[in-house]
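Chemist: Chains as they are written, first to last, in my numbering: chain L, 9 to 368; chain V, 9 to 368; chain G, 9 to 368; chain S, 9 to 368.
Everything labelled a hint here was simulated from the structure, so no lab data went into it. Just to be clear, a hint being listed does not mean it is correct.
Unchecked claim - Estimated spans, in silico, between C-beta atoms of each pair:
#, chain 1, residue 1, chain 2, residue 2, range
1, L, K282, V, K153, 46 to 56 Å
2, L, Q186, V, N224, 15 to 25 Å
3, S, H176, V, N280, 24 to 34 Å
4, G, R322, S, H368, 52 to 62 Å
5, L, A264, V, K67, 42 to 52 Å
6, L, H176, V, T194, 36 to 46 Å
7, V, K332, L, S60, 13 to 23 Å
8, V, N224, G, R322, 33 to 43 Å
9, L, N224, V, N198, 25 to 35 Å
10, G, S46, S, T328, 53 to 63 Å
11, V, D278, L, A101, 32 to 42 Å
All residues carry an ideal CB built from backbone N, CA and C; glycine is no exception.
Below are the chains, spelled out letter by letter.
4 protein chains.
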Amino acid sequence: MGDSFGHLFRITTWGESHGGGVGVVIDGCPAGLEISESEIQYELDRRRPGQSKITTQRKESDSARILSGIFEGKTTGTAISIMVENQDARPQAYEHLKDLYRPSHADYTYEAKYGFRNWMGGGRASARETIGRVAAGALAKKLLKQWNGTQTLAWVEQIHDLKANVDHSQVTEQQIEQSIVRCPDTAASNAMEQRILEVRKKGDSVGGIIRAVSKNVPVGLGEPVFDKLTADLAKALMSLPATRGVEFGLGFQSIALMGSEHNDEYVIEDGNVKTRSNRSAGIQGGISNGEEIDLRIAFKPTATINHEQKTVTRDGESTTLSAKGRHDPCVLPRAVPMVEAMINLVLADHYLRQQSSQLH
Amino acid sequence: MGDSFGHLFRITTWGESHGGGVGVVIDGCPAGLEISESEIQYELDRRRPGQSKITTQRKESDSARILSGIFEGKTTGTAISIMVENQDARPQAYEHLKDLYRPSHADYTYEAKYGFRNWMGGGRASARETIGRVAAGALAKKLLKQWNGTQTLAWVEQIHDLKANVDHSQVTEQQIEQSIVRCPDTAASNAMEQRILEVRKKGDSVGGIIRAVSKNVPVGLGEPVFDKLTADLAKALMSLPATRGVEFGLGFQSIALMGSEHNDEYVIEDGNVKTRSNRSAGIQGGISNGEEIDLRIAFKPTATINHEQKTVTRDGESTTLSAKGRHDPCVLPRAVPMVEAMINLVLADHYLRQQSSQLH
Amino acid sequence: MGDSFGHLFRITTWGESHGGGVGVVIDGCPAGLEISESEIQYELDRRRPGQSKITTQRKESDSARILSGIFEGKTTGTAISIMVENQDARPQAYEHLKDLYRPSHADYTYEAKYGFRNWMGGGRASARETIGRVAAGALAKKLLKQWNGTQTLAWVEQIHDLKANVDHSQVTEQQIEQSIVRCPDTAASNAMEQRILEVRKKGDSVGGIIRAVSKNVPVGLGEPVFDKLTADLAKALMSLPATRGVEFGLGFQSIALMGSEHNDEYVIEDGNVKTRSNRSAGIQGGISNGEEIDLRIAFKPTATINHEQKTVTRDGESTTLSAKGRHDPCVLPRAVPMVEAMINLVLADHYLRQQSSQLH
Amino acid sequence: MGDSFGHLFRITTWGESHGGGVGVVIDGCPAGLEISESEIQYELDRRRPGQSKITTQRKESDSARILSGIFEGKTTGTAISIMVENQDARPQAYEHLKDLYRPSHADYTYEAKYGFRNWMGGGRASARETIGRVAAGALAKKLLKQWNGTQTLAWVEQIHDLKANVDHSQVTEQQIEQSIVRCPDTAASNAMEQRILEVRKKGDSVGGIIRAVSKNVPVGLGEPVFDKLTADLAKALMSLPATRGVEFGLGFQSIALMGSEHNDEYVIEDGNVKTRSNRSAGIQGGISNGEEIDLRIAFKPTATINHEQKTVTRDGESTTLSAKGRHDPCVLPRAVPMVEAMINLVLADHYLRQQSSQLH
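Isolated chain L (complex conformation) (with noise of 0.2 Å):
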């Protein structure tokens, strides 16, 4: 259970690392909408293994093949099916771990929930399961675009306790993307590069901190009570593999202030209802009020480590864990294209969405 998200704009993602393949069905993508197969690998080759020197060095190509969906060139209505065949298919990589948990993974509770797992790489508890939601967040993204020239940057802002120095209302995909780290503050970007390196060196994992932030997001989207934008996008966030947080505008910092402090007086500007200061970060009662989205969402440093870990067998005895090979020491750069996707979708829903509100 639990493989669709969406109301209007709903995906449903299916795969696991080893197998036939990840993929994606979208239900709901407005016909009429061009698209091509390279802005679907762009975002794709964002989150791919192996793209820098500091990700995992696990090399898979993750070519998106489009099954459905599109029709010389444009989305024609029904649903659209993304697929991509999975190549790195070593089981005997994996035969180690087939009767232990590894600490802070889910083999445990998987195991404890299913009855038995599919112990290769993780079943479906691999971030190769994300691949499914890059690919529909290229979509997602295109929608926005056209609907109201709708952008959502994310970008590393913290690596461990290293912390970047951004203007969020100056900084563009450039900057964000000539940086292997994806943070657009140079000097910052380096020092994180160098950590990543060390940590993975000691065999061990940081995590970090991921800022987003959407602009030109029309007014009116999110509903009342449940359905509020901040809720559905904290759900989306954190349904990210390795997250443990995530704040609006001030967030956690936001107590520090009295009402009077943070209440955020309205002006007219050019016309229009405007608000003088943004700490409500674009959204008010649930619905956007048409400022920026700003947020952040905190990762916790990966659980795959190269150290001696101790830990139990399925058939409850102590044993010690020495992963070895491959591992990914920091998700975080990864991991930006993976924010945005989550944030677009949500946001093309809503916009979906929002045009049933008023009687027309």
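Use these hints to put chains V, G and S onto chain L, whose structure you have.
Modeler: Just chains V, G and S now, with coordinates in the frame of chain L:
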């Protein structure tokens, strides 16, 4: 849209602060649960305005009336409808708000989305909307207790800059309830109480942090991919008014650690798989592992204050809002039962979903 | 479970025949629709028991009370709650049914499913449950009228072996409503009326066929694959009590024709694509083509009769049920507004869904 | 939209007749079910074109490929993806249909809804879409068999005016499968076979009736109000291409009876509650009572014929369509496995839902 929450234990709420009342329909509560109006009323009394000197002094008894779905003291398995009649109907108290947008309220976003708005007391954006959630939460709480002895406790951990010192493993409902702040650290509670009274005198408001733990959670709740327990809890909590962030376990602090420091080693205790530490906060790969679930929610200072504020009218003119009358200087004491309700609703829903995980 | 219906225009009903009342929550009705309590009451009066000499003589006024979602005479876009208080509370009238299963009622299946049952008047299986549907249908009806002048008319086409002769293209609401049977063929109506009165005298019941047509349906309603308009209408109608079948256009008679006889040729009329015949009943490939939607629903004779019937007790003993008192010899006159409501709910839902079909 | 079906056992299908392929994602299949590719292939072979001399002679092997969700021969509890590659790609065969609307096909409605259409072989409206349903149905079938020995059998009861005489309580899968018409009455089957061959020769098509029974259905499947078993089955079946009606038990004939003739008396047999007759067709109040479920579906003659037909072009000009080449004179033999699949999908979904009905 968006007035429903849950997949198998599903609630639909309705109602505004002014109008006939507020309520909830619960669809999917199993038959045979013994529940009395007083058990529901107990929770409503904990969220009721006017319950102590530090909350808003709006007086409403918020009496629950069970309209359907309970017969001879037990749930029948069919739709349960619970309603609270509105009493505090003073439309004239809101006349001065009719044509302007209160800063950081939902006035402007609702009007932009729907073309007009119910300007009495916030309409659907009123916190009265949470009555239905809390009533439904009382049933979820009882189900969880009977199923696995699962108990969720929430308390106020911080108000403005005042932090409590609480041993989460020892805290009891009684300790929480004997504090009108719902902070089980007596010294902190007293300081918080003073702060809230001072803030009220100034016509201002403060926010803070609520922490919640769930004990005796069965292993296996939560689904892979989108409906991870973390994701559904995040959505549930971020759908509460005035929330700005949520984090699990170490949350944003987890990034200070390396993977080797953050991972939770497995051990066998009394024949059961347990973790030596609980930095995963009871959830691994989105699925509960039987350890304590542990999370925090940040609430911003509420938007209603008795200060003069600049804003604009519906006609696009600058104006000044002089809020007057009763306001709630700090929602956190009353938000504690809301937080518990949302967590219990998510856990009950996933408990039911989990029954389909394996073939039997 | 299963108390909600619809995807964008979504209703949730609640209530039993005995208890606080019955009602509906409507989620997703666009803002700005002018609607009055009397428009809702008009539809409820058409389904009300005791409205004429041929229905059950149970007397209930079924007065609608709007509890939320309508402000200054218009829908606000947020959840609309409508309730009807129960009046006919005579639990003692059902005491003799407490421990046995009425033949062809839901007594046994409810008890097997839920472990016990609300034995007063059928509980949730009571036809009173349809009040919420009819109330919600009044809003859908008004939306459809405003959007495209869409109008749905249903009438009684057959009672027992008595068949009406009605020109579906000319029939008016007035003709239907001036017959207490809701059959616009006066001669047939008179005969049906006599038949129903005779059947009541015998303590028996009869079924029949309701036919419904929808005019001015926009082209494009309905979705490929599962949510075809035919499929959603079939579900909607077969969810009404006592229904045994549904057919579109020629329905079961269509198999007498060859493809060459059944196909509808396209022609251009006033610049629009039309079909020369309408054997497709307005729906092709599950999607409306702008022609009249035309369908029939079969209702079995109701299970409540004043005959002695053999049955069994909850303890597995043979017994005899002597039903006594008021019964409804024929539900069809009162089912007409239910049928219209269900069709209008499906059309309104698909009208909203259809807005997302193309990029704009 | 509308490419998903089911609440707990939920399928999402994708694919067009021309393009990469067709497939299904199954979300919510319990873990631990043993299933092989050959069990899925068996069902696909029953719906495959070209399987006998009376179906369309389009040759496709329709080989199922399991892409995810099955590990070591068992379902893992996570999303199951099954795909069939398309082979019969002859776009030129459809060139002449590009600019006109085939009568009684979905060409016009798709184009009106989406602005343009995939004109190759019907696009998403192609009956190839049902491959995903049938593949998923194979899993539902096996689940039902293991849970309660539940078995669904469907067969052809009528073709054009030729009616079979079948004892529904004795019919076996073998009897059905040894007839290429899938009619277990040998004499009728032979006559039907001749009729279909004659009709094909004339370039015409015929419809008919499929009947289906489900045995050993557990008591308690189905929900009150909207998700009645009758309602969900009606939707499932009416979502199949070319269906025009569905009826349960006596269906449209039930109106010939009075209530006293139609009601099913309860009796105790071997300590169990049974009904003496089964006019309720195994479903009372929308919930299964353990008796045989018994229903009929009407299929109109298919729209594709080799006759000259008048129609219009996309530009609104009158034209003549001379269909040529292979067509399917009668879909019913191939629709039998589709009907079984849809019924099994509904029963499996409700079996899982039913587990939440009572507190335990």
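Chemist: Hint by hint, say whether it matches the structure.
Modeler: Hints and how they fare:
Judged by the Cβ atoms, the range 46 to 56 Å given for K282 (chain L) and K153 (chain V) holds: they are separated by roughly 49 Å. Here the CB-CB span from Q186 (chain L) to N224 (chain V) is close to 51 Å, at odds with the stated 15 to 25 Å. Separated by about 52 Å at the C-beta atoms, H176 (chain S) and N280 (chain V) break the suggested range of 24 to 34 Å. A beta carbon spacing of about 20 Å between R322 (chain G) and H368 (chain S) contradicts the range 52 to 62 Å that was offered as a hint.
Range check, A264 (chain L) to K67 (chain V): about 32 Å between beta-carbon atoms, so the 42 to 52 Å window is missed. For H176 (chain L) and T194 (chain V), the hinted distance range of 36 to 46 Å is satisfied, since their beta carbons lie about 42 Å from each other. Distance hint for K332 (chain V) and S60 (chain L): a CB-CB separation of about 59 Å, inconsistent with the stated range 13 to 23 Å. For N224 (chain V) and R322 (chain G), the Cβ-Cβ distance of about 36 Å falls inside the hinted range of 33 to 43 Å, so the restraint holds.
Between N224 (chain L) and N198 (chain V) the beta carbons are some 48 Å apart, a value that contradicts the proposed interval 25 to 35 Å. At roughly 54 Å, the beta-carbon separation of S46 (chain G) and T328 (chain S) lies within the given 53 to 63 Å, and the hint holds. Taking 32 to 42 Å as the suggested C-beta distance range, the pair D278 (chain V) and A101 (chain L) conforms, at roughly 34 Å.
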